[in-house]
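Protein chains: 2
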Amino acid sequence: MANKYDWAKTFTVDFSMINGLSKTAEPTKRYLSKVAPMFCDQDAVADILKNGDLLVYEFYELDAPEAPGDIAFGTSITYPGRVGREFYMTKGHFHTILDTAEVYFCLSGEGGMIFENPEGDVRYEEFKPGIAVYVPQRYAHRSVNTGTEPLVTFFAFRGDAGHDYGTIETKGYRKLVVEKPGGGYELVGNPKWKAEI
Amino acid sequence: MANKYDWAKTFTVDFSMINGLSKTAEPTKRYLSKVAPMFCDQDAVADILKNGDLLVYEFYELDAPEAPGDIAFGTSITYPGRVGREFYMTKGHFHTILDTAEVYFCLSGEGGMIFENPEGDVRYEEFKPGIAVYVPQRYAHRSVNTGTEPLVTFFAFRGDAGHDYGTIETKGYRKLVVEKPGGGYELVGNPKWKAEI
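Sequence lines, in order, name chains H and Z. Position in the first sequence counted from 1, then plus 13, gives you the working numbering. Position in the second sequence counted from 1, then plus 13, gives you the working numbering.
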């Protein structure tokens, strides 16, 4: 697809402050059937899919140049829901250039971001509207919707940072974000996490 | 001042979605008395200052590391008002590393951003809530409030980009954003612009 925007010139992109959707840009949609392996409870996945597929999250990639001087940006929308006890979430990724950071600014909804670095440091930060969450260099990051409305964030990172989804897809995250008995959320160990790949 | 945030770890910062202000971070405030030279009509400046000083804009610098792998971010709040026909605006700047971009996402208010590059290309993009404006590499950029409420934007750029305020302070912008007779705004030539410094 030809790049819709001329990144050497100024341009604007519209995103709804309520649901994060753009009237002019094309989202990338992630349905449960395609991201099923990232959830721990595969019986719960199968139960849901019996009744049809569901949209777990979507986001905007605007084809920013893969250049260190450009800034990629867009919105990410993670829908509310659970697969078993596990909340809906994004696949999550490291940056291919590991030592590049990112920032997410929450516009709507509630949830959090779970992080881990290659050394195994796991962190979690909560999102609510008006909260900026800093993704430091070297941390894989995944958005999690622990609420009842779409979790909408605006993100920005260096154009050449790149996305490494594979490491997370293969190893999984060390921790899961699940519904806490009685309400709220909690982090629990991921029984399927693999130390080595 | 010691850096309040550990940029090697995750952290959050709060910004109001309405007025852009943070309850926890310290803003940099720009009063009319200090930014007076950027306005064209110095008689109008003097008239206003007779009745006391006014806050033209404020923004958050969070002391991001000056590193190519980090992302600086914060909010910018330009208040509504005029000096003569000219709307309240920020000083505007080039990045010290000229070939680094930036993105601004409008949270509240209305106005625009005026741009120019060293070759003299002048551009203008409008802000309203939900509009992301891309600042390409090599373009000086200044926020202008053409409305009646605070213009609030969330911005993100590379940590090492740096701010070159001096070039704009000395030369001025090629164009001014002024009230249009009958309402609205228009761009007019800056009679004080200097081709060479």
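Since the hints were derived computationally from the structure, they do not count as laboratory data. Worth double-checking, as some hints may not be accurate.
Which copy is meant is left open, because identical chains are indistinguishable; a pair holds if it fits in one copy or across any two.
Said to hold, decoys possible - Calculated cross-link-like contacts (lysine to any residue; reagent style SDA-like; alpha-carbon spacing at most 25 Å): (1) Lys141 <-> Asp27; (2) Lys141 <-> Phe72; (3) Lys184 <-> Ile110; (4) Lys188 <-> Thr25.
Right, here's what the structure says about each hint:
Taking the shortest alpha-carbon separations for lysine 141 and aspartate 27, both the intra-copy value of 21 Å and the inter-copy value of 9 Å come in at or below 25 Å. Taking the shortest Cα distances, lysine 141 and phenylalanine 72 sit within 25 Å of each other both inside one copy (18 Å) and across copies (21 Å). Taking the closest pair of Cα atoms, lysine 184 and isoleucine 110 come within 25 Å of each other only inside a single copy of the chain (19 Å); across copies the shortest separation is 38 Å, beyond that limit. Within a single copy, lysine 188 and threonine 25 get their C-alpha atoms only as close as 38 Å, which misses the 25 Å cut-off; across copies the closest is 20 Å, which meets it.
No hint from the list above goes unmet by this structure.
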